[in-house]
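Take the sequences, apply the hints, and build the full model.
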Amino acid sequence: MTAYIRYLAPDATDHTHAATAGDGDARWGVVEDEVLADGIIEGSMVEELAAPPFGGEVRTGKRMPLDELHLLAPATPSKVIAVGLNYRSHLDNSPIGTRPEPAEPPLFAKLPSSIVGPGAAIEIPPDAEVVHAEGEVVVVIGRAARHIGPEEADDHIFGVTAGNDVSERTWQRDDLQWLRAKGSDSFGPLGPRIVTGAAWDDLRLRTRLNGEVVQDARTSDLIFSIPEIIAYASRYFTLLPGDVIYTGTPGKTSTLSPGDRVEVEVEGVGNLANDVKVESRKDGR
Numbered sequence: 650m651t652a653y654i655r656y657l658a659p660d661a662t663d664h665t666h667a668a669t670a671g672d673g674d675a676r677w678g679v680v681e682d683e684v685l686a687d688g689i690i691e692g693s694m695v696e697e698l699a700a701p702p703f704g705g706e707v708r709t710g711k712r713m714p715l716d717e718l719h720l721l722a723p724a725t726p727s728k729v730i731a732v733g734l735n736y737r738s739h740l741d742n743s744p745i746g747t748r749p750e751p752a753e754p755p756l757f758a759k760l761p762s763s764i765v766g767p768g769a770a771i772e773i774p775p776d777a778e779v780v781h782a783e784g785e786v787v788v789v790i791g792r793a794a795r796h797i798g799p800e801e802a803d804d805h806i807f808g809v810t811a812g813n814d815v816s817e818r819t820w821q822r823d824d825l826q827w828l829r830a831k832g833s834d835s836f837g838p839l840g841p842r843i844v845t846g847a848a849w850d851d852l853r854l855r856t857r858l859n860g861e862v863v864q865d866a867r868t869s870d871l872i873f874s875i876p877e878i879i880a881y882a883s884r885y886f887t888l889l890p891g892d893v894i895y896t897g898t899p900g901k902t903s904t905l906s907p908g909d910r911v912e913v914e915v916e917g918v919g920n921l922a923n924d925v926k927v928e929s930r931k932d933g934r
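Residue numbers 650 to 934, in the numbering used here, belong to the letters of the sequence shown in order.
Heads up, some of the hints might be wrong.
[What the hints assert, rightly or not] Simulated restraints on C-beta separations:
(1) D776 to L756: 22 to 32 angstroms
(2) R884 to V927: 33 to 43 angstroms
(3) D850 to F886: 16 to 26 angstroms
Derived from the structure by calculation, the hints contain no laboratory data.
Where a beta carbon is used, it is the ideal one built from N, C-alpha and C, also for glycine.
The structure is reproduced here in structure tokens:
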């Protein structure tokens, strides 16, 4: 397996918008972990890449310690696709009512501007009422895909990462579309790294709220597998390198409040941690 991160350039002077830094201030790197005999990871180094890794690695030779870098979301997708009701354990625990098992992957979209990285705040809009965390395994596309079959999907997967499909349930219930409920700024935490070569068909997913495990499942429990999701989505959308698909959340989801800390851990990928606060509005309202 190989792990890739996206991070703020060490010499960047403006950290104000680090969570959503554009490519001018962002760098890509490959992580080189030193794994000790007892399995503990220590002394991780990062080698800088000349470009995003989706077309192949081009290393610059510049190396730096991982713990000195400010990590960003490990993707800048043109589209963010998500799948609802993709664990049987969620069908009877859906906050919008008990739902039958779907015959096809129920797709919806999040906005690319909802994506934030590890350590960035989940900012709850002041008029939001019920906001939930949804821990998910997220697949990252590596090659353009259109009208492909499930048997071809492996060739189009770059890797997997962890994600949180933050959702406002009142808006999800009442709005014509789920645009506000799923696509508000900071409602798509992603990271901390993309891992290639992982056994994405059987990865453990855990969500913690203030240190307590509130979701625990494996991707082998998905109703629709990752290849099936990619194939289905490619019927309707051209999937491009760097696009991401949130594959579904298990069990019951938990309410978020300002001051909470939510963590999504995906086996082999790492821990995506984000604190929750009320959105700071520039207009003072």
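Go through the numbered hints given earlier and state which of them the structure violates, listing their numbers in rising order. No hint contradicted; all consistent.
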